[in-house]
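Engineer: The hints should help you fit chain C with the ligand onto chain S, whose structure is shown.
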Amino acid sequence: MAGSRKQRAAIVGIGQTKHMSTRGDVSIAGLIREAALRALEDAEMTWADIDAVVIGKAPDFFEGVMMPELFLADALGCAGKPMLRVHTAGSVGGSTSIVAASLVQAGIHERVLTVAFEKQSESEAMWALSMPMPFAPPTHAGAGGYFAPHIRSYMRRSGAPDHIGVLVALKDRLNALKNPYAHLHEEDVTFEKIADSVMLWDPIRYSETCPSSDGACAMVITNEAGASRGSLPPAWIHGAAMRSEPTMFAGRDVVSPRGSRECAADVFSQAGIVARRREIDVVEMYVPFSWYEPMWLESLGFADEGKGWTMVEDGSTQMDGDLPVNPSGGVLSTNPIGASGMLRFAEAAMQVRGQAGEHQIDGARTALGHAYGGGAQFFAMWVVGADKPA
Amino acid sequence: MSDLLLPPSLEGVEMVRSVRTPAHLDYSYTPGRAMSRFLTGLAEKKIRGQRCPSCGKVYVPPRGACPTDGVPTEEEVELPHTGTITTFCIVNVSFYGQGMEIPYVSALVLLDDSDIPLMHLVQEVPYDQVRTGMRVEAVWVSDDELKPTLESIKWFRPNGEPDRDASTMRGNA
Ligand SMILES: [Zn+2]
Chain S
1 MAGSRKQRAA IVGIGQTKHM STRGDVSIAG LIREAALRAL EDAEMTWADI DAVVIGKAPD
61 FFEGVMMPEL FLADALGCAG KPMLRVHTAG SVGGSTSIVA ASLVQAGIHE RVLTVAFEKQ
121 SESEAMWALS MPMPFAPPTH AGAGGYFAPH IRSYMRRSGA PDHIGVLVAL KDRLNALKNP
181 YAHLHEEDVT FEKIADSVML WDPIRYSETC PSSDGACAMV ITNEAGASRG SLPPAWIHGA
241 AMRSEPTMFA GRDVVSPRGS RECAADVFSQ AGIVARRREI DVVEMYVPFS WYEPMWLESL
301 GFADEGKGWT MVEDGSTQMD GDLPVNPSGG VLSTNPIGAS GMLRFAEAAM QVRGQAGEHQ
361 IDGARTALGH AYGGGAQFFA MWVVGADKPA
Chain C
1001 MSDLLLPPSL EGVEMVRSVR TPAHLDYSYT PGRAMSRFLT GLAEKKIRGQ RCPSCGKVYV
1061 PPRGACPTDG VPTEEEVELP HTGTITTFCI VNVSFYGQGM EIPYVSALVL LDDSDIPLMH
1121 LVQEVPYDQV RTGMRVEAVW VSDDELKPTL ESIKWFRPNG EPDRDASTMR GNA
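Just so you know, the sequences run in chain order S and C. First residue of the first sequence: 1, per my numbering; consecutive thereafter. First residue of the second sequence: 1001, per my numbering; consecutive thereafter.
For reference, chain S alone in the conformation it holds in the complex (with noise of 0.2 angstroms):
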């Protein structure tokens, strides 16, 4: 295949707002501009060095307004440049990235700004994701009616006891603390205080679950030329990956969709990296709901089946671990719908450029963003490094 060698990529600007329950000072256009304007600063760029912009979000019916691309086409510097909207449900942040870099790696731009965003204060999510249908019964409550009972399914597999849902969220939770764009500060919080709080979709508990933010995250992505530009080293594209599948088939496994382990091979092969837990240094993955922490190190390939949740109780997954899970607090402590995949990238991205403050990882040079969306059937994954790709 002479000649259709993927160019490097790499991220060398990164920003985000902070993430509150209502950032009532700002409207979306203003929210999204922080982020960006953030993003572009950290790459010692201006609006005039970007040549397009990569903007994603979760569904129109959330915030009510039909393609808000088009009206944010200013507040993003767009007038004159390619606009592209990208959207994959839960997972979009994530796969706006990659398409983002995907158009740099093709070699169609050399710098590309890429957004994303949810002003859930102004949006009404439960209502979006329950439109009534004749064939199906009024038994669902949101995300949480639909996750919950594969969450029990995973519990009964793999003999996981109650206590591990309590853990992850006491740890993201802890972790946020160190994260000052994290929504959640909650400086009191104890393993009682979350194993008290109320059963909502039992098995999973309130504070089992994310909260609803306003945020939006940007990042500036670049090819080779562009990477040795700015004072931060960049962070280098090593493997990319989206999957899909449909929501229902007969025989689907809900709980390691057959996407998301097929998505994990693909990027982890892209990098190179066959002994996933030693390569890998931090992972910042989707985990909406706290059990979809050792449901995902399972699907991952970083446990074997069934064995997700003794990395959790053995304290694996923290800061000081040997494979750090949402240092940043996650989407359990921060969730704009359509930005928190790309937080999860661009955390990944901020572990290996060293910038990520108080929840840095020491030595951290290798990591894994992580995005699901859907009924569990839309993925994303990249592998960013501190080293170039060879």
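Misleading hints may appear alongside valid ones.
[Unchecked claim] Computed cross-link-like contacts, DMTMM-like style, restricted to lysine to aspartate or glutamate with a CA-CA straight-line distance of at most 25 angstroms:
1) C:1154 with S:202
2) S:18 with C:1014
3) C:1057 with S:245
4) C:1057 with S:262
[What the hints assert, rightly or not] Here's a subset of chain S near chain C, in silico, CB distances under 7 angstroms, partners left out:
5) 122
6) 148
7) 201
8) 249
Just so you know, these hints were derived from the structure itself, not from any lab. Since this is a predicted model, take the numbers as computed values, not measurements. For every residue, glycine included, the Cβ atom is placed at its ideal position computed from N, Cα and C.
Structural biologist: For chain C with the ligand alone, coordinates are given in the frame of chain S:
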């Protein structure tokens, strides 16, 4: 952010900080052939699935094609009104417009002779006694209330048969 350069005509104008866009949607649902057979069957107290000619799996509700093989599923299968709970959750959050008394059980029920579970309510049993593998049967609304909707089945309830081993339902539980 203070980098905004406003034209003189906009100086002193209050910034937009929030936009609310109330949205309302009414649906006209056109179910298609396979789903129409399923829905009209419910109005006659029948549960109709369709079998894939390629993999032999029985889909309920049928969508007219097998998502795995991409071929039409034309063979109709009338299913029994009994099944097995593959997994479930106990809902403790009251969801607007629902009018359900909480807590209640929302379960995936694998109807006998079918290959994909259906989500429905489980009642007539204390919520904390519902379990994976439990055998259940459909409870229908009264004959004069039957309509072409899954709500013609009020809920499922235990039918007293011994539990089914969950490991035999792999792929669905
Ligand atoms: Zn088939």
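Engineer: Does each hint hold? Answer for all of them.
Structural biologist: Results for each hint:
| no. | hint | result |
| --- | --- | --- |
| 1 | C:1154 with S:202 | holds, 22 angstroms |
| 2 | S:18 with C:1014 | holds, 23 angstroms |
| 3 | C:1057 with S:245 | holds, 18 angstroms |
| 4 | C:1057 with S:262 | holds, 24 angstroms |
| 5 | 122 | holds, 6 angstroms |
| 6 | 148 | holds, 3 angstroms |
| 7 | 201 | holds, 5 angstroms |
| 8 | 249 | holds, 4 angstroms |
Hint check: no violations occur; every hint is consistent with the structure.
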